[in-house]
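In order, the protein sequence lines correspond to chains X and E. Sequential numbering of the first sequence, starting at 5, is according to our numbering. Sequential numbering of the second sequence, starting at 475, is according to our numbering.
Keep in mind that the hints are not guaranteed to be accurate.
Derived BS3-like pairs (lysine-lysine); straight-line CA-CA distance at most 27 Å [what the hints assert, rightly or not]:
1) X:LYS201 x E:LYS650
2) E:LYS642 x X:LYS191
3) E:LYS478 x X:LYS338
4) E:LYS612 x E:LYS596
5) E:LYS642 x X:LYS115
6) X:LYS145 x E:LYS498
7) X:LYS191 x E:LYS596
8) X:LYS145 x X:LYS201
9) E:LYS642 x X:LYS338
Note that these hints are calculated values from the structure, not bench results.
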Amino acid sequence: MTGTEKKMFIDVVGNIDDCMIQEAARPWVKKRTISLHQWSRYAAAVFAAVILGAGCLFHTEVKANFDKATSWIGRMLGISEDLTSYMDVKDMSVTHHGLTFTLQEVILDQKILFFEVNSQFEEAEKREDIDLTFSLFINGKEQLTQGKILTNASPDMLATRYVESYYIGGALSDNSSAQIDIILSVKSADGKTDYGKYRFPFEASAQSLEADTKHVDVAQTIYMEDKTALRVDQLSINALDSTVHASCDALDSNAEYEIHGTDDQGNQIVYELLSYENREAIFVKTAGGIASDARTLELQLYKQAYTGTQISYEEHDGIAAVDESVEPAGDLKKEGDRICVSILR
Amino acid sequence: MEDKQIIELFWDRNEAALREVSDKYGRFCFGIAWNILNDREDAEECVNDTWMSAWKSIPPNRPAILTGFLGKITRSCAIDRLRKKYALKRCDLHTSSLDLLKETKELDQAITFSIEDKMQEKELIHIINLFLQNSSEKDRDFFIRRYWFMDSLEDIAARHGCSVSAVKSGLFRMRKRLKKKLIQERYWL
């Protein structure tokens, strides 16, 4: 097939990374990975204990070695001098060509990491439309954005607020720090000015980034028409977002689910199902928001069923194209009763 | 024999390379071709074409991962063969292929408009790679076994010891997430 012919998804996916093909070619074994980074922490801790223990016995000799070893242990623990803590990088600003970006907030909600940045042009006359690309790296590995960029421009259009969210899975562990690097690549929309990269590298653990996320235990079950029970386990709320954690034995694979919420002040919020794996269902906020002083939140589950009807075929360049796609079956439909959650913060 | 040694045989233009590669990767490549073509004779021809293609392209290539290198040749060859057969009305697509095409129909929208630009295709592959790397191991395996190896849903369920509906559900979420990613990256019209 030449480059000008019509390609299909199955053609393009054929060129994915060889490593992943090799991995999938092997028999399936659920892997449990202990990273070198993690191992090195244990090794460093043991080494430090030995040095300190020896120090009690050979006080003078050990002191010099201990000084030398400090930097090595530091490297092993990932605490080299050029790494900054989250509190140091919070509110940090970087300016290129009169455009400043400030990292306002980084918040974790279990498997989802949110960050907020503000952009500010120094002079009104230099203000222009920009193309902004976010990247997030954790311990050198690029993370997948959920594609949610909320913008909230100031009245004079000089400042804009962006909130970006990433599904990071288990990339951060509770107590040990990871190297996090937020990179913004900025160009003017007309392509004439390259503002370059704005980097905010820092170290943080999951625990420290999750400190400002409140988890409300819900423990209520919604019974759907098809007898499926969705147990709403927990509601997470923080300054940037809100997430519903639920569990279910068998969600309909040909349907999408939403949870619509209304707080006691009438503010509305919509959550969509992001992931469903091993009974665990995570719903993320896609619209609206809750008042910071809201006391209760009512939640209603909705289901959008899909159907594929008749299949017909046509030919394009010798390939059979299926002339049918999955279509919504009716409207978004209420499922089960509303539940009410106390969310006093 | 280690892959490096097999590649050296290719580079030395030693025909033993073909025997070694057939011994080591014959079953693997046949499995890929069979999943796509569902025809023993066609699948065997496809595997032989793979060895010939490898013979022509090594050197100058020195593949780092022979599994992926050979698998890609077989897969591409099998898809081409299926297309030709279908064009000549010599076959009906078997049920598994039909289901698979149906599943990925929506994702085809993101692909078709960008084909004239090789750079865009590379970027698209990069996005898919990143998407897969950031998915859970299980989801990634579901996705690659289904859309790269073209395994049936039943085979994937057996591989993971789970129900077919769990596989369908996992793939549905993956396609939905990939669609969102492609929309965000402006690969969706």
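Violated constraints from the hint list, given by number and in increasing order: Those not satisfied are hints 1, 2, 3 and 6.
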